[in-house]
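If you read the sequences in order, they're chains A and B. Here our numbering is used: the first residue of the first sequence is 1, the next is one more, and so on. Here our numbering is used: the first residue of the second sequence is 1001, the next is one more, and so on.
Hints were generated in silico from the structure; no laboratory data involved. A few of these clues could be false.
As the list claims (entries may be wrong) - Each computed DSBU-like pair below joins lysine-lysine, with the alpha-carbon atoms no more than 35 angstroms apart: (1) B/Lys1219 to B/Lys1296; (2) A/Lys60 to B/Lys1373; (3) B/Lys1121 to B/Lys1155; (4) B/Lys1031 to B/Lys1160; (5) A/Lys60 to B/Lys1160; (6) B/Lys1127 to B/Lys1183; (7) B/Lys1102 to B/Lys1031; (8) B/Lys1183 to B/Lys1219; (9) A/Lys60 to B/Lys1102; (10) B/Lys1372 to A/Lys60; (11) B/Lys1234 to B/Lys1031; (12) B/Lys1373 to B/Lys1076.
Claimed, not checked - Label pairs and their calculated CB-CB ranges: (13) A/Tyr80 to B/Asp1164: 51 to 61 angstroms; (14) B/Leu1245 to A/Phe300: 39 to 49 angstroms; (15) A/Tyr80 to B/Gly1411: 53 to 63 angstroms; (16) A/Leu43 to B/Asp1380: 43 to 53 angstroms; (17) B/Asp1244 to A/Met94: 26 to 36 angstroms; (18) B/Asn1222 to A/Leu157: 32 to 42 angstroms; (19) B/Tyr1338 to A/Ala40: 43 to 53 angstroms.
Note that the Cβ used here is the ideal one computed from N, Cα and C, for glycine as well.
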Amino acid sequence: MSALRSYASTATRSQASRDKLRNNLRKALLIFLFVAPGMAIFLTFLLIPVLGSVRYSLYKWDGFGPLTNYVELANYERLYNHSVFRLAVQHSFMLMAMSITIQLPMALAIALLVGRGALPGSRIFRLLLFVPYVFSEPITAIIWLYVLHPQSGLANLTLDALLPGTNRVAWLGDRDIVLYSVFGVLTWKYFGFYMILYMAGLQGVNKDLEEAARVDGANWRQVLWKITLPLMGNTIRLTVFLSVLGSFQQFVTIWVLTQGGPVNGSEVLATYLYKYGIQRFNLGYGSAVAVVLFMITLVFSLGYQRLVMRQDYSAEVF
Amino acid sequence: MKIFRRFFFLSLVLVMVLGIAARVPASAQEKVTIRWWHIQTAEAQAAFWQQVADEFMAQHPNVNIEITILENEAFKSRLVTVMQAGDPPDLFQSWGGGVLWKYADAGLVRNIAPELEGEWKDSFAAKAALELYGRNGEYYGVPWTWGAVGIFYNKDLFAKAGLDPENPPQTWDEFLAAVKALKDAGITPIALGEKDKWTGHFWWVYLALRLGGGDAFLKAYNREGAFTDEPFVKAGEYLKQLIDLDPFPEGYLGMNYGDQQTVMLDEAAAMELMGQWAPGAYQGNSPEKAAVLLPKLGWFPFPVVEGGAGNPGDVLGGGDGFAVGANAPDETVEFLKYITSVEVQRAGTENTAMGIVPTVKGADSVITDPIKKTIIKFRDEAPYFQLYYDQFLPPAVGGMVNDAVEALFAGQASPEEAAAMIEDAAAMELE
């Protein structure tokens, strides 16, 4: 009897485990079906090209024909020693630093003004400030080429009208200021985008909390620092993330404005890659630059997500 | 399952049939399309090419010519991209030299020597130019307009500065004196838009040519010498003399060739060092202003440097031509032959917007413009003809020449450093 019972229970148990197995299989299949398209795209357009770049970067290759001239790490050595590459890295970091310290706080301030302050006509402001973001990058750059033209540009004509007798400024022709001119254009363009993000973040802040704090005797500064900004934390962390990645990948606007010139005065990693890798038929070398650029952004993204943005995800990222 | 199998076989058969169909040789009357890229963006110039294409299509009803017009710099970028993707246009603008040879190495251009040899080849007057479109008995294209770089100057502004407009400077010292005189008269002496870099590299290369002659360059190119040799360093030193006079428009490092034309057209600057296409470019930029400027325009060859090894008649120049892509249909070569026929060459010479300096015999008889006549004389009589460095040299070296000269202009490199930058790139690319 007990033997019988034990037999029966094994039977049901094995039946149950079979069911469980089938269920798991079905689940796995379902997951596979959902993940496969995305994975296929990820592999063909991201992972495989990235691995391809790593491979190309070990060859001296002009982009035509098979890879034959294996040079180990010579491309990396060359770019490490190239003063222009160092300059490009430095400029990329400068753009990043200026974006975080100037562009974002400005966008945040305007968002607070337009979103919380009693600014009349705030809707029109919001619209006007967002318009530049809608323009494509080449169009932005071409508009600014006219504005910053050394002889007939709006910028210099305005300067002339306001302060007659001042020297004209070679906005894009002076190595010492070209990077700041470029940054100005980039700010004009991306400013509205961050402002909109901040305004969306601001909508998520419960006004009652601010109200309550005010009733408890907090002045506006305390409300801002202790209530509003901390509650917008996730948006701020996100915009810093986007801004850093954006600064490193900046290409089109700079290329149309200055092509990285004069004399590499506005060279950034992406323009350097294009100029020395693609235009001059050194695809192996260009790939080495791409790998470095990729590593910088990868390390930053992973580190930043893990250390800073972790709290913003409800589920584990890794 | 069965359905799948059937479907599989069906598609297999379909693929095979299509594959065979594609291999059937095109019959003479089969429709072919020639994809043609050129860089004549000005309206009148584009219209000229469209007309040439239309005429050819009328004679060859089976041919469809698809024209893509790109601005010079955009053209260069886009061509590199399609070349690296292995899909060259059938016919495209080419300046010959190292860049074209690079494409030839990769099998991306078509050898048209079989069609060229004989009558067609003999029809060219600019033989040296034709040779730059080929190598080792192979040819990949032909020159359409070919000239010399020289100094275009505004005679009115020369007169205003107290200079004799009919007696332009002949030596470097006279030239520097003229620059000073113009500057003192409140006139910007030289128009330059250095953002495009090739615009300024003429100055350095011409000085190197005057100082070292063809020998110095060929030695450096063949690696028997180097770009750090004396003439190349000295070229930088002489150029520095000019730069130190501050003869260029304000903010010229951030201006491009279009801006450079505008400065000349506004008669805000007295001279520019430019190729034979400059008058045509004025027309394309602003026909109204060009009509005012052109009658005042003069031309003189690059000044001679005292004690230089170069012959005063040596010419830096180049021109435009067209090369044939590797997969181009046969009709492309036929069309190219038509483009360089005496009739079309004459039409291009007479057309004010095109204003070419023709490359085939008999086409120059229609030229009345004294400037163009002088340019042709210099071109054909040059003891040594130097193609632009940035076309003759491999792209990595040519690009570095442009970078180094730009650094000289901006005061970011000494003459020695500029020469060393070029030599570094040359040592890596030239064997």
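Open item on the list: If you test the structure against every hint from before, which numbers come out violated?
Closed with: Structure breaks hints 1, 2, 3, 4, 5, 6, 8, 10, 11, 15, 16 and 18.
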